[in-house]
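Given the structure of chain A, go ahead and fit chain B onto it with the hints provided.
What follows is each chain in one-letter form.
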Amino acid sequence: MTPVLEVRGLTFPGRGLNHELSFSVGAGETLVLLGRSGSGKTTALKLINRLLEPVTGAVFVDGEPAAGMEATRLRRRIGYVIQEIGLFPHFTVERNVGLVPLLEAWPSERIGGRVREMLALVGLDPPAFAARYPHELSGGQRQRVGVARALAADPPLLLLDEPFGALDPVTRAELQREFRALTERLRKAVVFVTHDVREGLLLGSRIGVLAGGRLVFLGTPDEFRRSDHLECRAFLEAL
Amino acid sequence: MNLFGFYAANVRELLQLTGQHVLLVAASTGTAVLIGVPLGVLVSRTPSLRGAVLGLANVFQTIPSLALFGFLIPLFGIGFWTAIAALIVYALLPVVRNTYVGIVGVDPAVREAGVGMGMTDGELLRLVELPLAAGVIMAGIRVATVVGVGIATIAAAIGAGGLGEYIFRGVSNVNYTLILAGALPAALLALLADALLGAAERRLVWRR
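As given, the protein sequences belong to chains A and B, one line each in that order.
Once you know that position 167 of the first sequence is 167 in the working numbering, the rest is easy, because the numbers rise by one and skip nothing.
Numbers in the working numbering are just positions in the second sequence, counted from 1, shifted up by 239.
Extracted from the complex, chain A is given alone in its bound form:
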């Protein structure tokens, strides 16, 4: 079966990704990219949805080369969530979540139905939240809306860049558990960037460790725990 995402030999030396990066992620699988600040993990994510264009290498989504697609079309097939969330402050929750379907020119009844479905999915009561503005939400609620927005057009692939990093520990743990259940149920392919090893072990079906712009480890959480690579040890000692 073709993996949902395949990354082959990506480099971007201008932002620290000096060594060829290759991996693939299948449906229902979550690859956690774990690394310290400046290890190149955010760069790797931005190379996948072409916010940065790779210097070498190629990205394939559902077997199709990303470089051959219009960037906007590619990005609408990839859900994207960042730590700052980036909800549109002048849009209600409903318009925020329905944005990609709107860009894709879905009929408005279908968008409305989809938005309600997505809000319920992330644990927000649609009638209570649809008409609110982002500034009327708590941090955890905002990030739920961010996840709902990323899922709205039913993309096969999700990219998340430390999405829960700014939340308090209790809310973070809640969202992590729910997110894990959600992506398993929806059979999404997920690339999840974090520096939090606990989060990586909880969410990852595989863990990739980036250090100094090189993928130094790639394996299951169990293999990660047993690894004697220095960077893996360093992360495990931080547990």
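Read the hints as simulated data drawn from the structure, not as lab findings.
Careful: at least some of the hints might be erroneous.
Label-pair distances were calculated between CB atoms; the ranges are [stated by the list, open to error]:
no.: 1; chain 1: B; residue 1: 273; chain 2: A; residue 2: 238; range: 55 to 63 Å
no.: 2; chain 1: B; residue 1: 291; chain 2: A; residue 2: 132; range: 42 to 50 Å
no.: 3; chain 1: B; residue 1: 310; chain 2: A; residue 2: 67; range: 49 to 57 Å
no.: 4; chain 1: A; residue 1: 178; chain 2: B; residue 2: 297; range: 50 to 58 Å
In this text, all values refer to a predicted model and were calculated from it rather than measured experimentally.
Here a beta-carbon is modelled for each residue, glycine too, at the ideal position from N, C-alpha and C.
The following block gives chain B in isolation, referenced to the frame of chain A:
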């Protein structure tokens, strides 16, 4: 003759001059918005143009108004059109600058989310950047309008009409009532424009 007596005797003229004044400001500021907002967008997209466009607008802004009228009279003749041209030039800087500043000031995370979700540049501009910059752009329009009301007063000196007529007439006859008859409504007009556009501006500011 006191001020109220003067107004009572010259209602039609007062209304006519006020109308001219409003027309001068509205036509010039309106044109400046039509030119200045697209120009501000262009500058936000082409950083290499930034210095040239904002610098040039700044230079025009610094030229004293009577001198600018003087430069423009050979092109547009004495009267209305020269006044309009000069007022457009003065209104451009605040509009262009605030459009640029408003767009550039949009939260980078919001812009990254928009681009990352697959918005084209046009969609980003129309759905995100311009609505979020609207408050700042409106502040520029407010400044342009208030400055315009002031400079339009001087336009009477080149025969463009407006409330400055009373002021200049009053100065040449040393008639304080006449000076006040022009100065008072001109000042009120500026305060009114400031209040109305300020209210519009506050409605356009979005909370983070």
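- [ ] Given the range 42 to 50 Å, decide if the beta-carbon distance of residue 291/B to residue 132/A lies inside it.
- [x] Given range 42 to 50 Å: holds, Cβ gap about 44 Å.
- [ ] With respect to the beta-carbon atoms only, verify the hint that residue 178/A and residue 297/B lie 50 to 58 Å apart.
- [x] Given a distance of about 54 Å, which is inside 50 to 58 Å, the answer is holds.
Task: Status of the given 49 to 57 Å range, CB of residue 67/A versus CB of residue 310/B - done: 54 Å, holds
Task: 55 to 63 Å as the expected CB spacing between residue 238/A and residue 273/B, which holds or is violated - done: With a Cβ separation near 58 Å, residue 273/B and residue 238/A satisfy 55 to 63 Å, so the hint holds.
Of the numbered hints given earlier, the model fails none.
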